[in-house]
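These are the residues of each chain, in order.
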Amino acid sequence: MPNKTFFWFFLPTGLAMILFIGLPIISTGIQSFYAQHDQVVKEVKKCDPFGCTVSIVVDNEETTKIRDAKPLGKFNGFGTYTDRNHLAVDEIKKFWNETKSFGAFVDQVTNLPFYKALIFTLTYCLFVTPNVLLLGFIIALSLNAVARKIRGPLIFGTILPMIVTPLVGSLVLFWMIDSQGIIGANIQNLMNDPYLSLKSSKTLTWITIIIYGIWHHSPFAFVVFYAALQTVPQEPIEAAIIDGASRFQRIKHIVLPHIYPVVTFVALISLMDNFRVFEPIIGFSAEGSAQSLSWLIYDNLVNEEVILFGSAAATSMMTIIGIAILLAPVLIRTWKEFKTAR
Amino acid sequence: MDYGLDTKSARLKTFNTIFIIVWLLIACFPFIWTFWGSFKVRADFFSRSDWWYAISAFNTLIETGGKFTVNAYTEAWTEGEFWKASKNTIIVTVFVVSISLFLGTLGAYALSRSTEKYAFWILMAALIFRAMPHITLVSGYLFPFFELQIWGILPTTIVVLVAINQPFTLWLLYSFFKTVPKELDESALIDGCSYFQAFRHIIMPVMWPGVITAGLFSLMLAYNDFTVTALLLNQENHTMVPKIQSYLGTNQHEGNLMWAVSAVVSATAPLFMLVMFFQRQVISGLTAGAVKG
Numbered sequence: 001m002p003n004k005t006f007f008w009f010f011l012p013t014g015l016a017m018i019l020f021i022g023l024p025i026i027s028t029g030i031q032s033f034y035a036q037h038d039q040v041v042k043e044v045k046k047c048d049p050f051g052c053t054v055s056i057v058v059d060n061e062e063t064t065k066i067r068d069a070k071p072l073g074k075f076n077g078f079g080t081y082t083d084r085n086h087l088a089v090d091e092i093k094k095f096w097n098e099t100k101s102f103g104a105f106v107d108q109v110t111n112l113p114f115y116k117a118l119i120f121t122l123t124y125c126l127f128v129t130p131n132v133l134l135l136g137f138i139i140a141l142s143l144n145a146v147a148r149k150i151r152g153p154l155i156f157g158t159i160l161p162m163i164v165t166p167l168v169g170s171l172v173l174f175w176m177i178d179s180q181g182i183i184g185a186n187i188q189n190l191m192n193d194p195y196l197s198l199k200s201s202k203t204l205t206w207i208t209i210i211i212y213g214i215w216h217h218s219p220f221a222f223v224v225f226y227a228a229l230q231t232v233p234q235e236p237i238e239a240a241i242i243d244g245a246s247r248f249q250r251i252k253h254i255v256l257p258h259i260y261p262v263v264t265f266v267a268l269i270s271l272m273d274n275f276r277v278f279e280p281i282i283g284f285s286a287e288g289s290a291q292s293l294s295w296l297i298y299d300n301l302v303n304e305e306v307i308l309f310g311s312a313a314a315t316s317m318m319t320i321i322g323i324a325i326l327l328a329p330v331l332i333r334t335w336k337e338f339k340t341a342r
Numbered sequence: 001m002d003y004g005l006d007t008k009s010a011r012l013k014t015f016n017t018i019f020i021i022v023w024l025l026i027a028c029f030p031f032i033w034t035f036w037g038s039f040k041v042r043a044d045f046f047s048r049s050d051w052w053y054a055i056s057a058f059n060t061l062i063e064t065g066g067k068f069t070v071n072a073y074t075e076a077w078t079e080g081e082f083w084k085a086s087k088n089t090i091i092v093t094v095f096v097v098s099i100s101l102f103l104g105t106l107g108a109y110a111l112s113r114s115t116e117k118y119a120f121w122i123l124m125a126a127l128i129f130r131a132m133p134h135i136t137l138v139s140g141y142l143f144p145f146f147e148l149q150i151w152g153i154l155p156t157t158i159v160v161l162v163a164i165n166q167p168f169t170l171w172l173l174y175s176f177f178k179t180v181p182k183e184l185d186e187s188a189l190i191d192g193c194s195y196f197q198a199f200r201h202i203i204m205p206v207m208w209p210g211v212i213t214a215g216l217f218s219l220m221l222a223y224n225d226f227t228v229t230a231l232l233l234n235q236e237n238h239t240m241v242p243k244i245q246s247y248l249g250t251n252q253h254e255g256n257l258m259w260a261v262s263a264v265v266s267a268t269a270p271l272f273m274l275v276m277f278f279q280r281q282v283i284s285g286l287t288a289g290a291v292k293g
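Keeping their order, the protein sequence lines are chains U and D.
Heads up, the first sequence is in my numbering, so the first residue is 1 and it goes up one at a time.
Heads up, the second sequence is in my numbering, so the first residue is 1 and it goes up one at a time.
I should point out that these hints are in silico values taken from the structure, not numbers from a laboratory.
These figures come from a predicted structure and were not determined experimentally.
Careful: at least some of the hints might be erroneous.
The list that follows gives simulated cross-link-like pairs (lysine-lysine, BS3-like), each with its CA atoms no further than 30 Å apart [what the hints assert, rightly or not]: (1) D:Lys178 / U:Lys336; (2) D:Lys13 / U:Lys339; (3) D:Lys13 / U:Lys149; (4) D:Lys117 / D:Lys178; (5) U:Lys252 / D:Lys84; (6) U:Lys42 / U:Lys65; (7) U:Lys45 / U:Lys65; (8) U:Lys42 / U:Lys4; (9) U:Lys339 / D:Lys182; (10) D:Lys8 / U:Lys4; (11) U:Lys252 / U:Lys4; (12) U:Lys336 / D:Lys117; (13) U:Lys116 / U:Lys252; (14) U:Lys202 / U:Lys93; (15) U:Lys4 / D:Lys67; (16) D:Lys178 / U:Lys339; (17) U:Lys149 / D:Lys182; (18) U:Lys252 / U:Lys149; (19) U:Lys336 / D:Lys182; (20) U:Lys252 / D:Lys117; (21) U:Lys100 / U:Lys74; (22) U:Lys4 / D:Lys117.
Cβ-Cβ distance ranges computed for the label pairs, FRET-style [said to hold, decoys possible]: (23) U:Leu122 / D:Thr115: 53 to 63 Å; (24) U:Asn303 / D:Pro270: 52 to 62 Å; (25) D:Ile62 / U:Glu62: 58 to 68 Å; (26) U:Thr82 / D:Ile153: 50 to 60 Å; (27) D:Pro270 / U:Glu62: 50 to 60 Å; (28) D:Pro270 / U:Asn186: 29 to 39 Å; (29) U:Val146 / D:Ile55: 55 to 65 Å; (30) U:Leu134 / D:Phe68: 52 to 62 Å; (31) D:Leu148 / U:Ile92: 33 to 43 Å; (32) U:Ser201 / D:Trp121: 47 to 57 Å; (33) U:Val302 / D:Pro270: 22 to 32 Å; (34) D:Ile32 / U:Val302: 31 to 41 Å; (35) U:Lys70 / D:Ala269: 29 to 39 Å; (36) U:Lys149 / D:Ala269: 49 to 59 Å.
Ideal placement from N, C-alpha and C gives every residue a C-beta, glycine not left out.
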């Protein structure tokens with residue numbers, strides 16, 4: 001296709017992506033160097049028959065004036081990145097000098113909001129992704145073994161958790177495991193502990209969200225693996241059976257190597273999706289004990305008094321860097337393949 | 001896998017059946033339970049005293065005189081203004097799907113027919129864009145949208161959702177266009193068609209399965225979106241998913257939690273029916289990217 005034709009065909013979609021994905025990233029980058037204005041305060045002298053008092057109040061008029069003149073806020077450089085709510089450089093230095101053992105230091109650091117969220121996000125990715133691959137593969141193998149006639153409805157039932165939005169999916173589960181729901185109430189009875197509930201324990205909350213993640217993402221892995229299983233050639237498997245290979249050996253040495261590219265694809269996609277975990281935290285109302293990077297940004301953006309654009313933007317930039325680190329191996333590999341292919 | 005040579009022991013078969021039944025229960029029961037519970041009153045579905053009330057409908061019987069009640073639905077749809085939210089969802093979904101498909105087919109066709117290096121880099125860039133968490137993009141939008149005073153209205157959200165959706169649509173349609181033989185449009189070009197005419201009259205007619213799949217995924221994205229719609233729309237224009245969340249936030253009102261339950265069922269039912277109808281397309285879409293590598 002000539003370059004000129006390509007240009008006109010690609011223009012609309014390219015423009016949409018540049019304007020609404022490319023520019024926002026730049027806009028986020030710029031915003032992250034600014035912070036909201038401080039409120040202007042003035043001294044008000046109040047005199048009554050008993051004497052005069054000087055009080056400090058917020059000068060709303062002045063504050064609005066400054067905000068209107070410079071809506072982006074004041075320039076803050078890397079200040080937002082290093083403050084307590086983000087990388088917390090000063091706090092970490094302080095903890096390093098003050099704490100006695102390394103354990104205590106780690107404890108202190110993981111209580112800082114950004115690191116807390118980072119650790120939750122990484123834990124979530126680390127536990128959900130491999131389990132999704134495993135469960136998805138097992139379901140695919142298992143469904144592949146049932147009669148063709150009844151597979152349709154079974155596949156439909158399997159993909160339900162995936163097609164609902166994460167907020168709805170987590171709500172539906174939450175209403176069951178809540179202390180007043182069917183599962184929660186029964187667990188309370190079983191354990192004989194009327195105070196046992198999801199919200200009472202941080203570990204329980206984390207486990208619940210991780211289980212939710214596996215429940216929500218496994219169907220995707222299943223669908224892809226199931227399709228890949230249909231393309232596995234029959235002859236080598238038959239040869240292996242004649243040679244006396246066990247079922248496990250057949251899967252390990254023939255099926256898995258054949259679908260290996262698909263496994264990396266699923267791993268990549270679910271890693272990308274898991275890194276942005278956010279809606280289940282709202283669905284499970286787990287803000288108290290589990291916060292993710294995306295949730296931190298959301299929290300800044302729905303802040304009631306002033307929207308913390310700078311703070312949200314700084315967290316966003318660091319999230320984007322995180323994504324870049326995750327994607328780097330794949331991109332490097334694709335580039336090498338592309339170079340050798342030419 | 002059904003091979004003539006592959007004999008399965010009875011034990012393995014039983015084990016397999018049990019596993020599938022257990023998994024289907026885990027996958028489907030929450031939805032069945034929510035559907036069932038949406039016809040009860042709150043004191044039954046969220047019972048403080050006995051979870052069996054949700055089945056025996058103890059309080060529902062006392063409060064409404066019947067075992068099932070549609071109060072939660074009628075209240076959510078009228079008083080809770082869920083009708084407005086569903087109207088907004090329909091508007092957003094229809095526009096997002098049609099615009100996405102229009103832009104996506106043109107772009108993906110060009111990408112699939114280009115032999116230049118930049119086509120590869122554009123696809124890579126789209127992959128990176130696909131990986132961006134939506135909330136980071138939203139944090140980029142909010143400030144400029146406030147300044148331009150286009151925050152809170154439906155058209156802005158539609159355009160944003162279309163753009164966010166483009167990378168995935170491009171990849172999906174690209175892999176579908178690749179399966180259409182090049183000779184088809186080349187012969188049309190020789191016969192004197194322009195590229196656009198070849199695209200319009202030769203390629204599009206054979207592309208319907210791919211277009212339907214891409215349309216379904218755009219639909220699911222627009223219909224299910226929470227991040228963008230919750231932050232870019234004002235209260236008045238909220239679509240279904242943010243509306244459901246707003247019911248949760250106002251817990252002091254006794255009826256609101258049941259509004260959320262019935263709203264969840266109302267929002268999920270059409271989606272399930274759609275997927276039941278188009279199951280084949282959904283699955284081919286999910287695998288298109290994978291099988292092609």
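Status of the hints after comparison with the structure:
{"no.": "1", "hint": "D:Lys178 / U:Lys336", "verdict": "holds (22 Å)"}
{"no.": "2", "hint": "D:Lys13 / U:Lys339", "verdict": "violated (48 Å)"}
{"no.": "3", "hint": "D:Lys13 / U:Lys149", "verdict": "holds (17 Å)"}
{"no.": "4", "hint": "D:Lys117 / D:Lys178", "verdict": "holds (16 Å)"}
{"no.": "5", "hint": "U:Lys252 / D:Lys84", "verdict": "violated (54 Å)"}
{"no.": "6", "hint": "U:Lys42 / U:Lys65", "verdict": "holds (14 Å)"}
{"no.": "7", "hint": "U:Lys45 / U:Lys65", "verdict": "holds (23 Å)"}
{"no.": "8", "hint": "U:Lys42 / U:Lys4", "verdict": "violated (62 Å)"}
{"no.": "9", "hint": "U:Lys339 / D:Lys182", "verdict": "holds (24 Å)"}
{"no.": "10", "hint": "D:Lys8 / U:Lys4", "verdict": "violated (60 Å)"}
{"no.": "11", "hint": "U:Lys252 / U:Lys4", "verdict": "violated (50 Å)"}
{"no.": "12", "hint": "U:Lys336 / D:Lys117", "verdict": "holds (14 Å)"}
{"no.": "13", "hint": "U:Lys116 / U:Lys252", "verdict": "violated (38 Å)"}
{"no.": "14", "hint": "U:Lys202 / U:Lys93", "verdict": "holds (27 Å)"}
{"no.": "15", "hint": "U:Lys4 / D:Lys67", "verdict": "violated (68 Å)"}
{"no.": "16", "hint": "D:Lys178 / U:Lys339", "verdict": "holds (21 Å)"}
{"no.": "17", "hint": "U:Lys149 / D:Lys182", "verdict": "violated (36 Å)"}
{"no.": "18", "hint": "U:Lys252 / U:Lys149", "verdict": "holds (28 Å)"}
{"no.": "19", "hint": "U:Lys336 / D:Lys182", "verdict": "holds (27 Å)"}
{"no.": "20", "hint": "U:Lys252 / D:Lys117", "verdict": "violated (38 Å)"}
{"no.": "21", "hint": "U:Lys100 / U:Lys74", "verdict": "violated (39 Å)"}
{"no.": "22", "hint": "U:Lys4 / D:Lys117", "verdict": "holds (15 Å)"}
{"no.": "23", "hint": "U:Leu122 / D:Thr115: 53 to 63 Å", "verdict": "violated (41 Å)"}
{"no.": "24", "hint": "U:Asn303 / D:Pro270: 52 to 62 Å", "verdict": "violated (34 Å)"}
{"no.": "25", "hint": "D:Ile62 / U:Glu62: 58 to 68 Å", "verdict": "holds (60 Å)"}
{"no.": "26", "hint": "U:Thr82 / D:Ile153: 50 to 60 Å", "verdict": "violated (37 Å)"}
{"no.": "27", "hint": "D:Pro270 / U:Glu62: 50 to 60 Å", "verdict": "holds (52 Å)"}
{"no.": "28", "hint": "D:Pro270 / U:Asn186: 29 to 39 Å", "verdict": "holds (32 Å)"}
{"no.": "29", "hint": "U:Val146 / D:Ile55: 55 to 65 Å", "verdict": "violated (31 Å)"}
{"no.": "30", "hint": "U:Leu134 / D:Phe68: 52 to 62 Å", "verdict": "violated (40 Å)"}
{"no.": "31", "hint": "D:Leu148 / U:Ile92: 33 to 43 Å", "verdict": "holds (39 Å)"}
{"no.": "32", "hint": "U:Ser201 / D:Trp121: 47 to 57 Å", "verdict": "holds (48 Å)"}
{"no.": "33", "hint": "U:Val302 / D:Pro270: 22 to 32 Å", "verdict": "holds (28 Å)"}
{"no.": "34", "hint": "D:Ile32 / U:Val302: 31 to 41 Å", "verdict": "holds (33 Å)"}
{"no.": "35", "hint": "U:Lys70 / D:Ala269: 29 to 39 Å", "verdict": "violated (49 Å)"}
{"no.": "36", "hint": "U:Lys149 / D:Ala269: 49 to 59 Å", "verdict": "violated (26 Å)"}
When each numbered hint is compared with the structure, violations occur for hints 2, 5, 8, 10, 11, 13, 15, 17, 20, 21, 23, 24, 26, 29, 30, 35 and 36.
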